[in-house]
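Asker: In case you want the letters, here they are:
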Amino acid sequence: DAKTTQPTSMDCAEGRAANLPCNHSTISGNEYVYWYRQIHSQGPQYIIHGLKNNETNEMASLIITEDRKSSTLILPHATLRDTAVYYCIVRVASGTYKYIFGTGTRLKVLA
Amino acid sequence: NAGVTQTPKFQVLKTGQSMTLQCAQDMNHEYMSWYRQDPGMGLRLIHYSVGAGITDQGEVPNGYNVSRSTTEDFPLRLLSAAPSQTSVYFCASSPSTLNSLGEQYFGPGTRLTVT
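In order, the protein sequence lines correspond to chains S and P. Letter by letter, the first sequence follows residues 1 to 111 of the working numbering. Letter by letter, the second sequence follows residues 1001 to 1115 of the working numbering.
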């Protein structure tokens, strides 16, 4: 089954770019990579997802390596409100609807 | 749109009691799912549904039942509550297809304590 690996925690200075890595070396086929974040104990919030090419939206950018074994979520100008747990998610296996969250990266943005 | 709603927000149960956590969405999403989140941990998938009448097990299905009689509702039943089921439960929905999950919309969660 596919799974993801993320660092447990990271710090970032306010106003700087936050780069959050994710390893998904067992990703299969044409599977998307999804990123969510969870602030305090609220329900997770969708950020972005991608397949092969880099993606950008109003919240973040997603860089996926050419071999698709890893990706990096970039918050270009981190603010204190970006302090959260960030989850990288892939499907367990092609042809299923099971998506596994993993334990995520706790990002702390420092003033 | 109300999005994804969950009731109750908080619940305390005694060991052995049963109860149903309610989840509803008004976005006509086919895919709905239930997760649990233990303190300091990530989310774990309990059950999911890809449409009315279709449900399947996730990572941690034991002790829970689900049904999907309508597109809007996806209740989660605890059959005989145990202290190990103390957790925060999140419901989510998505306009998923087999090729892509799309964006999952999460409810605010139900905080359950089993004594």
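To be clear, the hints were calculated from the coordinates, so they are not data collected in a lab. Every value quoted in this text rests on a predicted model; they were computed, and no experiment measured them. Note that CB positions come from ideal geometry on N, CA and C, so glycine has one too. Accuracy of the hints is not assured; some may be wrong.
What the hints assert, rightly or not - Reference listing, derived: stretches of chain S covered by chain P, where coverage requires no fewer than 3 residues with Cβ under 8 Å from a Cβ of chain P:
1. 42 to 50
2. 99 to 111
Claimed, not checked - Pairs of lysine to any residue residues, derived as SDA-like cross-links and limited to a Cα-Cα distance of at most 20 Å, are as follows:
3. S:Lys98 x P:Lys1009
4. S:Lys98 x P:Asn1065
5. S:Lys52 x P:Gly1102
6. S:Lys69 x P:Ser1100
7. S:Lys3 x P:Glu1059
8. S:Lys98 x P:Gly1102
9. S:Lys3 x P:Pro1061
10. P:Lys1009 x S:Lys69
Asker: For each hint, tell me whether it holds in the structure or not.
Answerer: These are the hints, each one checked on the structure:
By the rule of at least three residues with a Cβ nearer than 8 Å to a Cβ of chain P, the coverage given for the region 42 to 50 of chain S holds, with 6 such residues. Closer than 8 Å: that is the beta-carbon criterion, and the region 99 to 111 of chain S has 6 residues meeting it against chain P, so the requirement of 3 holds. With a CA separation close to 26 Å, the supplied pair S:Lys98 and P:Lys1009 exceeds the 20 Å bound. A distance of roughly 17 Å separates the Cα atoms of S:Lys98 and P:Asn1065; the hinted pair therefore holds under the 20 Å criterion.
Using a Cα cut-off of 20 Å, the hinted pair S:Lys52 and P:Gly1102 holds, with the two alpha carbons roughly 15 Å apart. A threshold of 20 Å between alpha carbons decides the hint, and for S:Lys69 with P:Ser1100 the separation of about 18 Å falls inside it, so the pair holds. About 13 Å separates the Cα atoms of S:Lys3 and P:Glu1059, which keeps this hinted pair within 20 Å; it holds. A threshold of 20 Å between alpha carbons decides the hint, and for S:Lys98 with P:Gly1102 the separation of about 13 Å falls inside it, so the pair holds.
About 19 Å separates the Cα atoms of S:Lys3 and P:Pro1061, which keeps this hinted pair within 20 Å; it holds. Under the criterion of a C-alpha separation no larger than 20 Å, the hint pairing P:Lys1009 with S:Lys69 is inconsistent with the structure, at around 39 Å.
The structure does not agree with the numbered hints 3 and 10 stated previously, though it agrees with the rest.
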